[in-house]
Amino acid sequence: MSGIIRLHFELPGNDLMSAGEASSSVKKKLNQLGINPAAVKKAAIAMYEAEINAIIHAGGGTLAVTITKDRINIVISDHGPGIADLDLAMQEGYSTAPDYIREMGFGAGMGLPNIKRNADRLEIKSAVGQGTTVEITVFF
Amino acid sequence: MTVAELAAKLGARILTPQANAQQEVTGVYCGDLLSWVMSHAEKGDAWITVHTHVNIVAVAVLAELACIIIPESIEVDDGTVARAKEQGVTLLGSDLKAAELCWRIYEMLR
Ligand SMILES: Nc1ncnc2c1ncn2[C@@H]1O[C@H](COP(=O)(O)OP(=O)(O)OP(=O)(O)O)[C@@H](O)[C@H]1O
Ligand SMILES: [Mg+2]
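As you go down the protein sequences, you meet chains L and C in turn. So for the first sequence, the numbering used here puts the first residue at 204; every next one is plus one. So for the second sequence, the numbering used here puts the first residue at 212; every next one is plus one.
This is chain C alone, in the form it adopts within the complex (with noise of 0.2 Å):
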């Protein structure tokens, strides 16, 4: 499953429309203790988490996440916006609750 799949079958706003949505999507993982996530996330994860400043970014980047998701409306800063573009990370916004993005997303994947 891509990205742009995934963010299809959550009804997930693309808040990075020219990032590269194609990653293909292997796992899912939520947390927002940013060194937690780097040494536990798995490449190909969406990861979930309600940070929004621009950190998330390389965190993506350099734990080669497939997406980042913001849950439960949280609005983006617009320099995380434009800092994910230009490192072709794909940032997806959604209306439901981080649980449940896990269990979706999971169920999707199993």
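So here's chain L without its partners, still in its complex pose (with noise of 0.2 Å):
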């Protein structure tokens, strides 16, 4: 593989519907370039949780993938009501979402520690009322 591989999505809020479709399609772009298997995996799980994350908690965001030949960093930017407490969001099992959200499956507060788990490289940077950022680099 040669150059750079530059992706973007808008993850319209509160359209769960559409959600996990940018993880996809990314996943989808990793396999195709012969990425290895396992790679591919972390940072599609990562990812998914986070476009997850952006779409219940912050009303939506954007997803930008930028993919090289050693790995695949992706930002996701929400202007949602931030994490007033980062460490005790990363911990299993904690989470605010609503009943409606929980009655579809999630709001397990399993998200942040499974993107903890797969991503090589994590960056989260919050502020409350202005919104999160979640930086996940995973290396081929």
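Treat the hints with care, since some could be wrong.
[Said to hold, decoys possible] Below, computed lysine-lysine pairings styled on PhoX-like, alpha-carbon distance capped at 20 Å: (1) L:K244 to L:K232; (2) L:K231 to C:K308; (3) L:K232 to L:K272; (4) L:K319 to L:K244; (5) L:K232 to C:K254; (6) L:K231 to L:K245; (7) L:K272 to L:K244; (8) L:K272 to L:K245; (9) L:K231 to L:K272; (10) L:K231 to C:K220; (11) L:K328 to L:K244; (12) C:K308 to C:K220; (13) L:K245 to L:K232; (14) L:K245 to C:K308; (15) C:K254 to L:K244; (16) C:K220 to L:K232; (17) L:K244 to L:K231.
I should point out that these hints are in silico values taken from the structure, not numbers from a laboratory. In this text, all values refer to a predicted model and were calculated from it rather than measured experimentally.
Build the complex from these two chains, which are given one at a time in their own frames, with help from the hints.
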């Protein structure tokens, strides 16, 4: 593979029906590029969880992907309420998801821990009232 | 065992006939918390869930699951069937209870 691939997605707020489309299409792209399957799965799962979080908790956002020879970098940004206590949010089982979201099977409080487990590098910047940016890197 | 063979043995309905039912089933997983399933189900698992909304398709694609089985005669949304076909995910419908599906599939794979 030569050069740099850049992909951009808009994540519509509260549109759970389209949630997962960005991650699924990036996963397809990585498979086409012949990236090793373990790295593809890690990137896809981390990306999906962050995508869902932006849609459920923050009214949507944007997702920017950069793929180079040795890595994928994924930046998910939103202008939602932000995360007041990031350490707490990172704990397994912590969730503020409302009931109607839980009825759909979200809200286990496992998303951020899943991202942490699957990302080789993770940086989360969040400010209350301003929004959240999650940057995930997976090396091939 | 392929998904098509699994469906035949279970007497399950293939709701997505166009999808690839030749995927190999190597395990079974039952759960309805999507993030939990994402982190604990293994590639090749047949996944039993009572959810029928379209997000189950994304979970199956991303976690590389062999197929999704909807138990207990639960009706599946048309949009979910359409998305599954589009993504090449096989959806099965069964009249059996989730626990019985688990047990039967486990026995088949032993
Ligand atoms: N982008 C975000 N904006 C605002 N709050 C967020 C965001 N992402 C996560 N959070 C907060 O962190 C909590 C934990 O997130 P996490 O993804 O681990 O669990 P969840 O989304 O509630 O449930 P699950 O991911 O298991 O479906 C959320 O409930 C929410 O309070
Ligand atoms: Mg989440």
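Results of checking the hints against the structure:
| no. | hint | verdict |
| --- | --- | --- |
| 1 | L:K244 to L:K232 | holds (12 Å) |
| 2 | L:K231 to C:K308 | violated (34 Å) |
| 3 | L:K232 to L:K272 | holds (14 Å) |
| 4 | L:K319 to L:K244 | holds (14 Å) |
| 5 | L:K232 to C:K254 | holds (19 Å) |
| 6 | L:K231 to L:K245 | holds (13 Å) |
| 7 | L:K272 to L:K244 | holds (17 Å) |
| 8 | L:K272 to L:K245 | holds (17 Å) |
| 9 | L:K231 to L:K272 | holds (17 Å) |
| 10 | L:K231 to C:K220 | violated (31 Å) |
| 11 | L:K328 to L:K244 | violated (24 Å) |
| 12 | C:K308 to C:K220 | holds (15 Å) |
| 13 | L:K245 to L:K232 | holds (14 Å) |
| 14 | L:K245 to C:K308 | violated (32 Å) |
| 15 | C:K254 to L:K244 | holds (10 Å) |
| 16 | C:K220 to L:K232 | violated (35 Å) |
| 17 | L:K244 to L:K231 | holds (11 Å) |
In summary, the numbered hints that this structure violates are 2, 10, 11, 14 and 16.
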